[in-house]
Amino acid sequence: MSQQSTTRTLRVNGEPQQVAFAVHHSLLEVLREELGLTGTKHGCELGECGTCTVLIDGKPVLSCLELAAECEGRSIETVEGMMQGNELHPLQSCFADLGAAQCGYCTPGILLAAQALLAENDSPTRDQIVEALSGNLCRCTGYHKILEAIEWAAAQLRGDDQYQPPDSAIYGDPLPGKQAADV
Amino acid sequence: MSDTVHADDEEGPVTSDQLRLIGTPFRRVDGRAKVTGQTRFADDLSFPRMVHMKLVRSTVPHAKIVSIDTSKASAMPGVVGLLTGDSMPDPFGILPVSQDEHALCIDKVRFVGDPVVAVAALTEDQAHEAALAVEVEYQSLETIATVEEAIATPEPRIHEYGDEGNLHKKLSMEFGDVDAGFEEADQIFEDVMYFEGNTPLPMEQHATVALTEETDRITVYSSTQTPHYLHRSLAKVLGLPAARIRVIACPNGGGFGGKSDPFNHEICAAKMALALGRPVKICLTREEVFYCHRGRHPVLMKIRTGVKKDGTLTAQHLQTALDGGAYGSYGVASTYYTGALQTVTYDLPKYRFESIRAFTNKAPCGPKRGHGTPQPRFAFEVHLDKIAHQLGIDPAALRMQQLVKPDSITSNWLKVGSMGLGKCIEAVVEGSGWHQRHGKMPEGRGLGLACGSYLSGAGLPIYWNHMPQSGVQLKLDRSGGVALFCGETEIGQGSDSVIAAITAEILGIDLKDIRLCVADTDLTPVDLGSYSSRVTLMAGNAAIEAAERARTLVARGAARKLDVPARELVFADGRVFHGENPDHGISFQEAVVEAESRFGTLGTTGSYTPPRSPGRYRGAGVGPSPAYSYSAAVVEAEVDRETGIYRIEHVWMAHDVGKCINPAMVMGQIEGSVYMGLGEAMMEEQVYRRLPKKRSDALVHKHPSMLEYKSLTFAEMPPVTSYIIEDPDPNGPFGAKEVGQGPLLPMMPAVANAIFDAVGVRIDQVPIAPHMVKQAIEAKEKGKPGRFGPKSFPEIDFGVPLLVPTPAEGGDGKAINIEDAGVRDGTGTMTERKDAVKGDN
Ligand code: FES
Ligand code: FES
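Going down the list, the sequences are from chains B and P. Going by our numbering, the letters in the first sequence line up with residues 1 to 183, in that order. Going by our numbering, the letters in the second sequence line up with residues 184 to 1024, in that order.
It cannot be assumed that every hint is accurate.
Some chain P residues judged to face chain B by a derived CB distance under 10 Å, without partners named [what the hints assert, rightly or not]: (1) Arg211; (2) Gln221; (3) Tyr377; (4) Leu384; (5) Val776; (6) Cys843; (7) Met900; (8) Ser905.
From the derived model, a few chain B residues whose C-beta atoms are all more than 12 Å from chain P [said to hold, decoys possible]: (9) Gly58; (10) Lys59; (11) Glu70; (12) Gly73; (13) Thr141; (14) Lys145; (15) Asp161; (16) Ala169.
It is worth saying that the hints were derived from the structure and are not from the lab. By construction, the Cβ of each residue, glycine as well, lies at the ideal position given by its N, Cα and C atoms.
Work out the full structure, taking the sequences as your base and the hints as a guide.
Set out below in structure tokens:
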């Protein structure tokens, strides 16, 4: 395999970065290995799991399938760019508070896919969220908390401070009928 | 400062049940790092001059290695190092009794994916290219694909050890007079069931980085659930004193049992680093992760149960046959686990259990979530559904009428403490509208009920010793901050948060004032690892002990300053104050200053060793736990009769966790278990096929990729109603029991039972594919049994059963025929027999 290298200027999280890399390397490899942005993860490097999702010009893209050399002049966003100053983005804080990140390995990709969805649609339905995230696998959470965290963050981003995630997401459902009476 | 008698009072405050943090949904201590990308997983690490390693893996399933030619590879650009098996002749393996792996194969390969050569190069691409250039010549041997083939083919042996031929393990035990139990029955039910293998599939591919500090001192970072066991294996294979090896388990990007063994790549990276004197990294490809496997064993089962007309179980005879794959791994323990926990849910007065584990030329199987217990649980819970149906008894009532009593000892000598299964069943039955809907829904819709139970940590460590299974150290100083050292490993389950919260609760400080140092074999006291759902209970109890000791020291310091007896002080909200007069107090930091002034540098330790189990027979080491969790599920399914395609419409899950340390995290474990259980029920399978004879006859993984290894996506996950049941166990920290594995167990049988309720056919195996449902429906329409599943269980000579009288028969926990059964005395099962006899177990 050729080890021919190229130098490009990539715009990552709003900052232009000049970077040299092997021409055949994926954006995933260049972000992690050349730029040290290891927040972007990988689960397959074959386009099968969604873990490596980043945003290019606002659209979710599998960085393991994207040649870095083709990303010049485009705006690349990774999880490292989500925080606003020292404050978490609402998606991040809702994920952290609900426990929507367990091992946290799928989390960066899912946060970015969700961010792209919310940028287009500030009040997505459950089905729309499911649709937008159906290419992202998570082995830990069973997905529910992720959906609840996105709905909560969407509310915060719309300025709806009244919205609270359902108690059942945190404490479980109230015990039914006669059991509830014993408690 | 007045020096009163109080100041020398050595009694500290008592932990009250007025909890401030425990039981609340606090944000995980690692929550922020995980959502910002700051968590450093093993593959995120890099060091100056680091080189990259690849393994050359066997392309054939069973063969002698004739020759290895690395000359082309070593001349490739960038190549800096090559290793073959002869440089690491000492075998290793997770269990002392099956040290059957080599870091690189020496004479022989045993499955497609077995590593043969390690290559290091300056870049990952170069290492990859060089690995492709290594030439290995193999002389193929006959391959074994299934348990039946292993029974029929004792030679050539895959390993030169094991109970007989290609059977790695054979066991037979009988608790009570089982024949008499069957005679008491009005009817005997029998089923043959199959549970296909499936794989943990953590999202993170395994990675390791090794670096040397001295010629004979090394640090190994790895995505491992068990840094302590990796430490032991490294010491053995590298031939270095354990004190010169430091293993740091990075947070794991999921484990599910798949990162619980010491792995070839970990040992090779260390060896390569020692050879090169520079950092070495390896990150497995996803395909390699499928080859590492150590996931769920495929298990064929025959279950026979004697039942009275009223549904009372009188005896059970369970036979299991495990397809172990090419190495021992946890297999001996897994074999016992396919029978050990049958007794902890419903009274089973007499019980016979026989099992074999076969070696086959496939990726080794091991301890995936639930370790050996989901397979027999599936068989038992579907079997019970059939019994209930035939006897005309409601399946929920059948279970409720014979629940194991709390604080009792089962027929196989397991000590059950708190037992909340009844409450779990009631919750899901009421929540799902079971009584109004089960058996009464329109054709194609059905409800299925099933239950389960799991360990909160195994009673015995995997190697015999008298040391604690978990330890915690605390360091406090005048800053007011507390450093917490513990060997436990964060794999996503939230163990860091559990030990931090317990410590914060007892010391009355904020979580942010605790600095964690975990899973570092140089710096942290030993914890055996994140497996068998042991960490909350064991590390949690160790944290309680360490924190209470620290609180006593600090209280004695504050007592002198405040002129209040130490035991009357309260620690809360970052303050230490008099319980009767909360205004009379000082800050926690000031109190630590007082204690440090008085006692010097402050530090405490805590440790945990499980209580001794009453079983005294060989094999009694597998099954005991300080506490058992319980779960019940109802699943609602919609089945299309034409195609057999089914959907899970809703799941009701109740889990008895003893006590929530953090309900939001408990919910996460429940939902994650439901998800993974549904995957196993519906689609997940690690399966193999033989290539045609003319293409080598090789036995290969059918689909080592995430696209084809089907697992549930967002789109397939049904709504889940979860009930948290809290039946505190006196052995648990604040009463807590496990939640990471238990709720998975009922899912597979509940799905099968729901399909029966919907369309009246029995699918006696998982995963349940639509064609199985369709075939069973068609068979039923033709007047044949409406069933899909294995036809028969092979004839196997399990040997003379070890006879153990039950508690009800007046037994003492010991076997009565050890000579006849040909086994030695003692409970140990995973240690060499001679070592087991040496120990006083
Ligand atoms: S790593 Fe890119 S899709 Fe899996
Ligand atoms: S949180 Fe572990 S894979 Fe999603």
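Cross-check of the supplied hints:
1. Arg211: Interface hint status for Arg211 (chain P): holds (6 Å vs cutoff 10 Å).
2. Gln221: 7 Å, holds
3. Tyr377: 24 Å, violated
4. Leu384: 6 Å, holds
5. Val776: Result: violated, 30 Å to nearest chain B Cβ.
6. Cys843: 8 Å, holds
7. Met900: Holds, about 5 Å.
8. Ser905: For Ser905 (chain P), the interface hint holds, since the closest Cβ of chain B sits about 5 Å away, which is under 10 Å.
9. Gly58: The claim holds: Gly58 (chain B) sits with its nearest Cβ about 19 Å from chain P, beyond 12 Å.
10. Lys59: Non-interface label on Lys59 (chain B) holds, nearest chain P Cβ at 19 Å vs cutoff 12 Å.
11. Glu70: Per Cβ check, Glu70 (chain B) is outside 12 Å of chain P; nearest 19 Å; holds.
12. Gly73: 24 Å, holds
13. Thr141: 5 Å, violated
14. Lys145: 6 Å, violated
15. Asp161: About 19 Å separates Asp161 (chain B) from the closest Cβ of chain P, which puts it past 12 Å; holds.
16. Ala169: 7 Å, violated
Taken one by one, the earlier hints fail for this structure at numbers 3, 5, 13, 14 and 16, listed in ascending order.
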